[in-house]
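Keeping the supplied structure of chain C fixed, place chains D and F upon it in accordance with the hints.
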Amino acid sequence: MNKFRPLSARRPARAVTIVLAALGMIVFAPAAQAAVDAEAGFVLNSFSFLVWGALVMWMCAGFTMLESGTVRTKNASVICLKNIGLYSIAGLTYYLLGYTLMYTDVSGWIGSFDFLYGTTADEIALVGGKTEVAASVIKNKYSTMSDWFFQMVFVATTASIVSGALAERVKLWSFFLFTAILTAIIYPVIGSWTWGGGWLGEMGFKDFAGSTIVHSTGGWAALAGIIIVGARTGKFRDDGSVKSTPPSNVPAVTLGVFILWLGWFGFNGGSQLALSGAVDAIAISNILANTNLAAAAGVMAAITISRPVTGRVDLLATLNGAIGGLVAITAGPDITEHYWAIIIGGVGGIIVVLGMRLLEIMKLDDVVGAVPAHLFAGIWGTLAVCIAGGGDFVTQLTGVVAIGAFVFVSSLAVWWAIDKTLSARVTLSVEELGQDTAELGIEAYPEFVVMPDADEIRDFQESARSVGNS
Amino acid sequence: MNKFRPLSARRPARAVTIVLAALGMIVFAPAAQAAVDAEAGFVLNSFSFLVWGALVMWMCAGFTMLESGTVRTKNASVICLKNIGLYSIAGLTYYLLGYTLMYTDVSGWIGSFDFLYGTTADEIALVGGKTEVAASVIKNKYSTMSDWFFQMVFVATTASIVSGALAERVKLWSFFLFTAILTAIIYPVIGSWTWGGGWLGEMGFKDFAGSTIVHSTGGWAALAGIIIVGARTGKFRDDGSVKSTPPSNVPAVTLGVFILWLGWFGFNGGSQLALSGAVDAIAISNILANTNLAAAAGVMAAITISRPVTGRVDLLATLNGAIGGLVAITAGPDITEHYWAIIIGGVGGIIVVLGMRLLEIMKLDDVVGAVPAHLFAGIWGTLAVCIAGGGDFVTQLTGVVAIGAFVFVSSLAVWWAIDKTLSARVTLSVEELGQDTAELGIEAYPEFVVMPDADEIRDFQESARSVGNS
Amino acid sequence: MNKFRPLSARRPARAVTIVLAALGMIVFAPAAQAAVDAEAGFVLNSFSFLVWGALVMWMCAGFTMLESGTVRTKNASVICLKNIGLYSIAGLTYYLLGYTLMYTDVSGWIGSFDFLYGTTADEIALVGGKTEVAASVIKNKYSTMSDWFFQMVFVATTASIVSGALAERVKLWSFFLFTAILTAIIYPVIGSWTWGGGWLGEMGFKDFAGSTIVHSTGGWAALAGIIIVGARTGKFRDDGSVKSTPPSNVPAVTLGVFILWLGWFGFNGGSQLALSGAVDAIAISNILANTNLAAAAGVMAAITISRPVTGRVDLLATLNGAIGGLVAITAGPDITEHYWAIIIGGVGGIIVVLGMRLLEIMKLDDVVGAVPAHLFAGIWGTLAVCIAGGGDFVTQLTGVVAIGAFVFVSSLAVWWAIDKTLSARVTLSVEELGQDTAELGIEAYPEFVVMPDADEIRDFQESARSVGNS
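Chains as they are written, first to last, in numbering that gives the first Met the number 0: chain C, 0 to 469; chain D, 0 to 469; chain F, 0 to 469.
Warning: the hint list may mix true and false statements.
Quick list of the computed label-pair ranges, beta carbon to beta carbon [stated by the list, open to error]:
hint, chain 1, residue 1, chain 2, residue 2, range
1, D, 359, C, 405, 46 to 54 Å
2, F, 429, D, 309, 21 to 29 Å
3, D, 429, C, 427, 42 to 50 Å
4, C, 427, D, 310, 53 to 61 Å
5, C, 356, F, 426, 50 to 58 Å
6, C, 311, F, 419, 24 to 32 Å
7, D, 310, C, 309, 42 to 50 Å
8, F, 232, D, 432, 44 to 52 Å
9, C, 113, F, 131, 26 to 34 Å
10, C, 416, D, 440, 55 to 63 Å
11, D, 359, C, 357, 17 to 25 Å
12, F, 236, C, 427, 30 to 38 Å
Hints were generated in silico from the structure; no laboratory data involved. Using N, Cα and C, we set each Cβ at its ideal position, and we do this for glycine too.
Bound-form chain C, shown alone (with noise of 0.2 Å):
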């Protein structure tokens, strides 16, 4: 791996691209960037989609680890559901519908109600066989469903972050319905807005990989969910105490951590949306270099302040930590100085240590710390793109209120429609039982010996104790 070997290689190139120019064909000299050759630029853009996005699935067993093992052993098994439900919901909407929604024919508020989004017809043609229409192909820049298949795991992720934090209580198929009207409906409409070049986007908003239109719209969609399905029975006690309720299983959501870490590359990275240049090239390479940075400052800046705040080196809160740097970082990863990332990763870290323990004292029962890590960082972050990044205070402003606004108040009425109808939230006995016996009929560790509850304990102990005395 030695870094010094001779460089030959290039020469032979530039001898061309020197006869070229003595021709008078003027190569990389008038573009606002230099570029590879239009095919070989469609492939590396195309692939680049496919590599990354592929990644970013990666996210959703991320999730799945981190989830299922923070929640107690008896939920264990309906959080996988859900999450493989979720993912395998979300591809299927974003086909059918949402990307047409966020992309066709955006007329600022909205896109197009057209279904099944697909391949194109020159492109049909050309894997067919009909060259002639590769120019027409080649124009586009990449290939239609390299987009698409990219765009769809975006969605996937906002989904991810509403089912941890409603884990435990939350109906499985009323969180699959909410899942099919959040990333059919609200997720591509204010992706129109923004990304699909509506309002937000005409009006400079700047959110590079979505710490506002991915992550903060996943978190205000949990909070929501947060509030129409409640609390877990028991978590907020009379007395004003929080029932510690610690992941039941910690290497699973360490590799949870781990995989999301990884897979933020792809997230980040792939939303250079190209890779057809030097500009792109080094516009990567320096959102990967800041991503890791952000996380790692999201890190060191918990564990750090996670003593302070929660009286102890609190595991959770670190590895939680990383994700707020993640999401801190996403709204402007290109930045060319890269302390700054360590700044506002760092900083995105204290957020959901912070943010965690302010949930509690609201008595709001977020699972996984969701909406701190996701909704709370993604605020700052997206606002942080001001310092670092170049955007204006107030745009950006407005576009965290706009989306958290429309967000909100639709998932708040998404939720409260399916609560009146089918109910959000399992019944008390189901979720004393644990969803894993009661919704599936399994358990998640059938083999293993799992202590009873706590509280179930010290709830026998009072009434063996009141029998007593009696």
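Then chains D and F, alone, in the frame of chain C:
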């Protein structure tokens, strides 16, 4: 990630194209497909094999997690060892013999018994600095070992299918011996008939990434093993009831399915075998989109049908539904009308749920549902190419039957011979004790208190009762 | 996936080549190697760093799973925290100082104390639209931060090796402090001697991807720590027997090994440092094939030898055999005769099994077998370059000894200083209670009933007996 950034980048390259065209060099026109320059194509084709191949290797970890989470804890270590062993064996045998038997000078029914396949002399010369052989190397379109690597991970997948079906009672070294024969001979022979250019390939048999060639082959080999090795003791009770053997670690199973889903993007996408032009980029994009849609449809179809078939929302059936959808789309993932992927994958998911029930009725003990997922859905997927991918029904059926007959009969013979010599199955006492303790002297989770098997408790209680009655 | 589809694609590009050649522009001839055009090469080189680098980052998750599954459950959370912490620290220190110390203006023995390495001014200008600097940027072959990213994940790997060896008794913050010094100074210094172009590099020391530079360095640092920190209490009993400490979660360990195996494709493949021509594509393909063959051979050699050495088929030894094979091939993975990879990897696997036994005899307590796998197999691999990769034995040995001496002595000094100030080791009561409860206030698996340590039971029984006897 705003999609509407100015597209100035392409112009200069197009200018070159136009000038070259004006000079009489017709750049894209006469080819069957457009393409990047030869050496860039060579690099991209090879890189595509390697990146997608690495994802396919990752599928072995997916099978390992799926299987170790499905078996009872007393056999979870041995299944881990079987999986890392089978991947190692497949990698070695396919280098020693398998590849050449599949691809070198295929006569119609078999390739060559050349050993130690490897880098060509021209490639060695080029790497060593002899640039005069560059053109000859580049003409081959991709590097020798990039293709070998991609083909090798496919063999390993086939072997992975067998380990899960036969878990909890097949002997470690007997399984390894079967794996060596499967990967060195059985798979390469049917591979030579098809992808190697043999008689089925010449007949026009279509199996893009191996619904039959890889997945049904693994499924037939597993089915033969199930018949010879027999069911786990106590699985099918005398009263006709079936002992429930739920997964011992549901999050591990779920992680396994997510890994497989991710790996399948490499499995199907890499099977385009090239990334050297717009045609390939479009095809791979369609393939990844279809693969995802089929898996998602498999999940939703399986979860929907699992309640009427199994009496509950069945998590394991749903997770297997994803695999059924993936296997089904594998024979023709490059279709351009994407709703077909949903239909094909959805039917695949249904087939898996019904197939798992069918095997139980037939008293065939397939621990993870490998036969329904890989064999049944594989047959469906291969025939489904006639619907959306232009396959000929008779040809497809011929392939399914011929490959099935060869793999099933030869596997049956090998398993029979192994059983008569080494014995294919562990003794009853090993089975009851668990293979981990008996064969490896360890437990998978030695510090965790695990419950004795429910049937063992019943046996104990019954014997205690009979003692009390006497 | 039929390999025999018509190859029409290459022709037009070849036509261009021929015409350009006819016009007197000799395209490929005078270069030491053939290559794609300069900007495409820049893109591909950078992308290669990023994609393979992301896989190397994933190795940290592999170490985490391997280690958390190997330690006893009472220390599984702390080892997770150590791993995410070390990856964060390595990423920050290597940005703050490490990279420049390793690569900038290396004088022979050390680089520069420049802080905050980052994107060049030319790159910033190009991204900002100044296309006139494009040629100057592209001349650098890859983007600055793509290389930084790839080098950074290597440092993290070195630090990961230490955490496993010292698990279950090293103090959290002492470990973090050592990690900071290792990644900011110790590793960069020896990196500057070699890959940075210093004295060993000039002498011709060959270590392609770091059998010595990364893995032995980690192994020496771990060995120094083992000596200073001491063995776990009770591991080596007064009667000369060794307490068995089997993995607490075998599937987690197995998953960790699969992750490492996958990540190693990036580790070795990316170390080609380029993807800009056929030579690179061929080399990386050979590297991935050899890496896989060596790991597979390590597995099969270790499983075969484990029975005579350890008295049984030893799962942990077999899994470590994979790592031994991988470490061994890392110094020269680009050999073109692939059977050498099998031999080198197989010997690596055997060394690990024997080395684990040797450490026990020497009463050195290496929890995961990191020293045998990374140090012993690393030395073997570095010397094995003389067999198949053309290395000079004296030079290779000089590198092994010089790096070993520097890393071991400096690590010993740092560990000693840490021990005298902060104390390197937790107290006996913390060790008995477990670091999870004592240092983090949580358990890794709080709901699962775990068995008390066998030795603790024995101690309790003995004390009870002695009470009964008195």
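Status of each hint after checking the structure:
1. Our hint of 46 to 54 Å for residue 359/D and residue 405/C holds, since their Cβ atoms are close to 50 Å apart.
2. The given range of 21 to 29 Å is broken by residue 429/F and residue 309/D, whose C-beta atoms sit roughly 49 Å from each other.
3. Between residue 429/D and residue 427/C the beta carbon distance is about 46 Å. The supplied range of 42 to 50 Å therefore holds.
4. For the pair residue 427/C and residue 310/D, the supplied restraint of 53 to 61 Å is violated, since their beta-carbon distance comes to about 24 Å.
5. In this structure the supplied range 50 to 58 Å is violated for residue 356/C paired with residue 426/F, their Cβ-Cβ distance being about 30 Å.
6. The hinted window of 24 to 32 Å between residue 311/C and residue 419/F holds, with their beta carbons roughly 26 Å apart.
7. At about 45 Å, the beta-carbon gap between residue 310/D and residue 309/C stays in the expected band of 42 to 50 Å.
8. A hinted range of 44 to 52 Å is violated for the C-beta pair residue 232/F and residue 432/D, which are about 32 Å apart.
9. Between residue 113/C and residue 131/F the beta carbon distance is about 43 Å. The supplied range of 26 to 34 Å is therefore violated.
10. With their beta carbons about 58 Å apart, residue 416/C and residue 440/D fall inside the hinted range of 55 to 63 Å.
11. About 52 Å separates the C-beta atoms of residue 359/D and residue 357/C, a value inconsistent with the hinted range of 17 to 25 Å.
12. Taking 30 to 38 Å as the suggested C-beta distance range, the pair residue 236/F and residue 427/C does not conform, at roughly 53 Å.
The structure is inconsistent with the numbered hints 2, 4, 5, 8, 9, 11 and 12, although it conforms to all the rest.
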